[in-house]
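Chains as they are written, first to last, in numbering that gives the first Met the number 0: chain A, 0 to 317; chain B, 0 to 191.
Derived by calculation from the structure, the hints in this document are not laboratory data.
For every residue, glycine included, the Cβ atom is placed at its ideal position computed from N, Cα and C.
Among the clues, some could well be false.
Quick list of simulated restraints, FRET-style, between CB atoms [unchecked claim]:
(1) A/S116 with B/P152: 53 to 63 Å
(2) B/V41 with A/K40: 48 to 58 Å
(3) B/E71 with A/K249: 50 to 60 Å
(4) A/S62 with B/M130: 34 to 44 Å
(5) B/K137 with A/S62: 39 to 49 Å
Derived pair list, reagent style DSS-like, types lysine-lysine, alpha-carbon separation capped at 30 Å [stated by the list, open to error]:
(6) A/K262 with A/K316
(7) B/K139 with A/K44
(8) B/K136 with A/K45
(9) A/K156 with A/K22
(10) B/K180 with A/K40
(11) B/K65 with B/K139
(12) B/K139 with A/K36
(13) B/K137 with A/K316
(14) A/K206 with A/K156
(15) A/K248 with A/K220
(16) B/K136 with B/K68
(17) B/K137 with A/K40
(18) B/K137 with A/K36
(19) B/K136 with A/K36
(20) A/K45 with A/K107
(21) A/K220 with A/K258
(22) A/K44 with B/K136
(23) B/K65 with A/K8
(24) A/K220 with A/K22
(25) A/K44 with B/K137
(26) A/K316 with A/K101
(27) A/K45 with B/K137
(28) B/K68 with A/K45
(29) B/K154 with A/K45
(30) A/K316 with A/K107
(31) B/K139 with B/K180
(32) B/K154 with B/K16
(33) A/K8 with B/K189
(34) B/K180 with A/K8
(35) A/K40 with B/K136
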Amino acid sequence: MKKQDNQIKWTRKDLLDLESLSKEEIELILTTAESFKEVSKRQIKKVPALRGKTLVNLFYEPSTRTRVSFEIAAKRLSLDVINISVETSSVRKGETLIDTGKNIEALKVDVIVVRHSSSGAAALLARHTNLSVVNAGDGWHEHPTQALLDIFTIKEKLHRIEGLNITIVGDIAHSRVARSNIWGLKKLGANVCVCAPEMLLPYEVEKFGVKVTTDLDEALKDADVVNVLRMQFERDIQSAFPNQLEYFKKYGITEERLKYAKKDIIVMHPGPINRGIEISSAVADGLNSVILEQVTNGIAVRMAVLFLVVSANEYLKR
Amino acid sequence: MRDIFLNMVKNFIQKSKVLSEEDIRNILYRLTNQILENEPEVENLILIGIQTRGVYLANRIKDIIKEIKNIEIPLGVLDITFYRDDLTKVGTNPIVRTTDIDFDINDKIIILVDDVLFTGRTVRAALDEIMDFGRPKKIKLLVLIDRGHRELPIKADFVGKNIPTSTDEVVVVYLKEIDDKDEVIIGNLKKD
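Kindly generate the complete structure, drawing on both the sequences and the hints.
Quick look at the structure:
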């Protein structure tokens, strides 16, 4: 209790990545999220914390779960939510991202949640507007709220992050989820191992300070947690790994595979899962899986992030 | 309000001690007896403490009721951060603590407990939050110190001590559970 009175300052109007956050800032988000988790257990699942503020969900890439999770988080904070999907917007008429941002700002919106296929898109919006900007995934760069909810879930299950062995399996090269997880977990003192076929490992990945292997059994041997990434076969990765069945045989997380891992290993997945490609149904629905708890925790974490950035921006604007 | 207050607390010069450990103890016994006298339906009583020091006071009252009546009264914890009206003043220091009311409050008699009653804005926020948990039969307010300067039409039902203050003074409550001593003091804000 006493410790909490030693205040950590949150001075950022945006959440763009985990790379630039301090350990203390990440911990502040996690503690704030713990308090927000309780709100979703109430009969009236809503608090007036951000009443009168407006949020725009601006998604240039398809997303259901992240957009819905942000929308629910926002509504539980009493934010008004507008969803803009690019298919039906002026972006089709050639409007630039900055112009779109400035127009949204002119509508007196307070916070924008953006997903974009280009790395740095959220940072660009943050720089050119006074809006609070939350990055919901930019290219291969980062997806900070996904990593925060992964870390929150691990912490809830194992009560710590420091010293844990956490393995991330899958298409590391094209994964913003992996990058955000690596930054966040390293800052909090975890040992991170990435495991993928050679072609799906980013160039010089070991410079992140992670263990790198192409051997799944080795990656699972001492792992407390395995975070299974979705194989994005809809993106052009066929050249990196031609055959889904082949991938499942070599890198799919199955009960058979987990026999050689710790008995109580925690299995995570950011969703949506491809059953029979990166994970078997038995594991996805099994006792080690926390996949649906991740979804639940996503709301609390996003509430915390929205609350912190909007409060800070209110203060900075004065 | 509480967080701003905590910031201020580091920044004052002590002027006088208004309550000692023994005073606080006697006051809590007196207030508990007043509750039991006014609300004979002990089985319908619920204590709700406002974070942080209100929770410790509520917990002490719970113990005294147990001692006198041999009944366990449910204790809830309320953090009013999400209900406050001064987000811009919280600014970059939002400390969010946890609300924990995991029992039914419908038709119950709630004793809402806080350490210091000042502007009344914390109590307003607390009342709004409680209403989102259900419809209690009634809510009564208990405070250790009433220092005046209300900005809302709010009045405590049980008051430990009335302390007239000026607005540039601070009232600081120390409780053993968190501060290593039981004491209430008045101080002057340092001007810098």
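Next on the checklist: So if I understand the rule, the pair passes when the alpha-carbon distance is 30 Å or less; does A/K248 with A/K220 pass?
Outcome noted: Holds. A/K248 to A/K220 sits at ~18 Å (cutoff 30 Å).
Checklist entry - Within 30 Å, alpha carbon to alpha carbon, are B/K137 and A/K40? => result holds, 24 Å
Item to check | Restraint status (C-alpha distance of A/K316 to A/K107 at most 30 Å) | outcome: Holds - the C-alpha atoms of A/K107 and A/K316 are around 13 Å apart, at most 30 Å.
Checklist entry - Would the pair B/K68 and A/K45 pass a check requiring their Cα atoms to be no farther apart than 30 Å? => result violated, 37 Å
Checklist entry - Per the hint of 53 to 63 Å, is the separation of the Cβ atoms of A/S116 and B/P152 within bounds? => result Holds - the Cβ-Cβ distance for A/S116 and B/P152, about 55 Å, lies within 53 to 63 Å.
Next on the checklist: So if I understand the rule, the pair passes when the alpha-carbon distance is 30 Å or less; does B/K139 with A/K36 pass?
Outcome noted: holds, 28 Å
Next on the checklist: For a C-alpha distance cap of 30 Å, please report whether A/K45 and A/K107 respect it.
Outcome noted: holds, 23 Å
Next on the checklist: Just to be careful, I want the Cα atoms of B/K136 and B/K68 compared with a cutoff of 30 Å; is the pair within it?
Outcome noted: holds, 22 Å
Next on the checklist: Next pair to validate is A/K206 with A/K156; report whether the Cα-Cα distance is within 30 Å.
Outcome noted: Distance of about 29 Å is within 30 Å: holds.
Checklist entry - Taken at face value, is the distance from the CA of A/K316 to the CA of A/K262 at most 30 Å? => result violated, 51 Å
Item to check | Pair hint A/K156 and A/K22, alpha-carbon separation not exceeding 30 Å | outcome: It holds: about 20 Å lies between the C-alpha atoms, which stays within 30 Å.
Item to check | Hinted pair B/K139 and A/K44, Cα distance within 30 Å | outcome: With Cα atoms ~25 Å apart, B/K139 and A/K44 stay inside 30 Å; holds.
Checked against the numbered hints listed earlier, the structure breaks hints 2, 6, 10, 13, 23, 28; every other hint is satisfied.
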